[in-house]
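Put together the whole structure using the sequences plus the hints.
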Amino acid sequence: MDYKHLADQLDMSEEEFSELAALFVTITRADLKKIRQGVSNDNPSRAAAAAHSIKGAAGNLGFTHMAELAKKMEALANAGNLDNFDVYIMDLETRVEALAAT
Amino acid sequence: MQKIQPYTVLAVDDNLLNLKMIEKSLSREGYQVFIAGNGSEGRAIAREKHPDLILLDIEMPGENGFDVIKKLKQDAATNPIPVIFLTGVSDVNAKLKGFDLGAVDYITKPFHPLEVLARVRIHLKLSIATNSLIQDQAAKLLQVAEAQNAMLPAPQNFPDATFGVYYKSLEEAGGDFYDVLTISEYITGYFVADFAGHDIRTSYLTASVKALLAQNCTPLYSPGESMKMVNAVLQQMLPPEKYLTACYLHLNRSTMTMTLVNAGHPPAACLPVQGDAYLVKSRGDVLGMFSDAHFGVLRMKVTRGDRFLVYSDGLVESVDKKINWAAGARKLLPMFQNLRAFSCADAPRQLIRHLPGAHKIPEDDVVVLCIEV
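Chains as they are written, first to last, in numbering that gives the first Met the number 0: chain Z, 0 to 101; chain P, 0 to 372.
Hint data in this document are derived by calculation from the structure and do not stem from the laboratory.
Hints may be right or wrong, so weigh each one.
[To be verified] Computed cross-link-like contacts, DSSO-like style, restricted to lysine-lysine with a CA-CA straight-line distance of at most 30 angstroms:
no., chain 1, residue 1, chain 2, residue 2
1, P, Lys-23, Z, Lys-33
2, P, Lys-209, P, Lys-241
3, Z, Lys-32, P, Lys-23
4, P, Lys-167, P, Lys-227
5, P, Lys-96, P, Lys-69
6, Z, Lys-70, P, Lys-23
7, P, Lys-94, Z, Lys-70
8, Z, Lys-70, P, Lys-96
9, Z, Lys-3, P, Lys-23
10, Z, Lys-71, Z, Lys-3
Rendered as structure tokens:
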């Protein structure tokens with residue numbers, strides 16, 4: 000992940016950006032947990048709300064792929080469709096953990 | 000070094016990351032940022048801290064942004080604070096709804112910190128400019144009000160005219176007006192008028208009316224003629240759709256006659272020394288509207304100690320309670336009668352005190368003149 004580029008895009012220092020990225024990791028982990036709960040309890044609106052949160056946060060930090068993925072999940076959950084969510088969750092999780100490791 | 004008070008911005012969003020981003024980007028530019036994670040917390044901070052601007056997320060669990068702005072706008076403490084919505088929705092109807100509810104702008108998510116900063120700056124500038132404009136206008140209105148009050152004659156300056164007055168203007172510069180004219184040693188004119196609408200232009204017009212009265216209420220003219228002269232000039236001078244209702248009471252303490260000229264005004268009330276109070280009704284056209292206006296002129300003999308009450312419709316009319324002049328004026332009579340024990344100077348104030356619902360804010364300007372023969 001090219002932090003410098005993303006930080007520049009937001010007119011921030013790398014330090015400021017990594018602080019926000021760390022916060023993003025914490026929030027998104029919690030949101031992913033909510034999505035899992037939504038799937039296991041068959042509660043699409045809970046999953047949709049958490050996906051909405053990830054979409055906004057990822058979008059603002061310039062994590063476009065994660066934002067797109069969350070957007071897709073939000074739309075599906077809003078339509079009551081939680082099929083294949085395990086795959087999406089895995090995908091998001093991998094990316095968030097990669098971010099956490101940097 | 001003097002401490003500079005920073006501009007304050009409140010950000011309300013259920014997403015902590017968005018809040019932190021806003022906080023970072025604004026605080027490094029010198030703003031003080033308050034953050035709230037939900038609507039009710041946001042409203043509490045808005046009330047307590049009175050920020051200069053609010054950034055408000057629309058989609059939040061619990062109270063959403065629309066609910067929050069509605070409540071902010073209903074609350075006098077938070078109503079003037081400009082609100083910018085943050086939204087991931089680009090739906091035009093949702094945006095229009097937000098503007099309808101009082102938002103000044105939108106920032107679409109995902110947002111760029113510099114866009115947030117730019118919009119915050121522009122709306123703070125706008126808000127400051129609007130506030131200074133309002134203060135400027137209020138100061139001007141205050142000057143007008145002071146000038147207007149200075150024009151209203153005080154009873155102590157007219158000891159021979161024996162009258163009492165109550166004058167209350169609803170806004171800084173009111174549409175009601177009264178004047179007392181010394182026509183000769185024994186003759187006094189009392190004039191009460193109500194301009195249709197009270198705006199700043201009306202306030203300036205009162206000065207012209209005062210000058211017109213001074214020119215035309217002289218021993219040369221009968222009271223009816225005086226009003227016809229005033230009407231002719233006003234008709235030329237007033238903007239279209241602008242007119243005034245007026246009552247001119249001409250009291251000759253030598254011949255003991257009272258002449259009342261009515262121009263579309265509520266009836267005067269008479270409280271004779273002996274007997275019950277009654278309305279002195281005469282119909283007439285309003286002032287300043289028609290060149291061939293006809294005014295109701297009524298002459299009557301008076302006795303020492305008789306009292307007259309001349310007032311504007313604000314005293315007897317209530318749009319809220321659906322009370323018109325006629326009904327309101329009739330209800331006034333027993334109250335007027337009960338004020339016999341009070342001096343003429345004190346009667347108008349006592350009348351207002353005894354009005355039902357007098358503690359409430361008046362719906363209109365009010366002027367009450369009590370005249371004693």
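Hint consistency between Lys-70/Z and Lys-96/P [alpha-carbon to alpha-carbon, up to 30 angstroms]: holds, 24 angstroms
Agreement of Lys-70/Z and Lys-23/P with the hint, judged by alpha carbon distance not exceeding 30 angstroms: Holds: Lys-70/Z and Lys-23/P sit about 26 angstroms apart, inside 30 angstroms.
Hinted pair Lys-94/P and Lys-70/Z, Cα distance within 30 angstroms: OK: Lys-94/P and Lys-70/Z at ~20 angstroms, within 30 angstroms.
Lys-71/Z paired with Lys-3/Z [C-alpha distance capped at 30 angstroms]: Satisfied, since the Cα-Cα distance of roughly 28 angstroms is no more than 30 angstroms.
Restraint check for Lys-23/P with Lys-33/Z, where alpha carbons must lie at most 30 angstroms apart: Holds. Lys-23/P to Lys-33/Z sits at ~27 angstroms (cutoff 30 angstroms).
Straight-line alpha-carbon gap Lys-32/Z to Lys-23/P, limit 30 angstroms: holds, 27 angstroms
Pair hint outcome, Lys-3/Z versus Lys-23/P [Cα-Cα no greater than 30 angstroms]: Holds: Lys-3/Z and Lys-23/P sit about 17 angstroms apart, inside 30 angstroms.
Pairwise hint evaluation, Lys-241/P against Lys-209/P, where the allowed Cα distance is 30 angstroms at most: Distance of about 17 angstroms is within 30 angstroms: holds.
Pair hint Lys-167/P and Lys-227/P, alpha-carbon separation not exceeding 30 angstroms: holds, 28 angstroms
Hint consistency between Lys-96/P and Lys-69/P [alpha-carbon to alpha-carbon, up to 30 angstroms]: holds, 11 angstroms
Every hint from the earlier list agrees with this structure, and none is contradicted.
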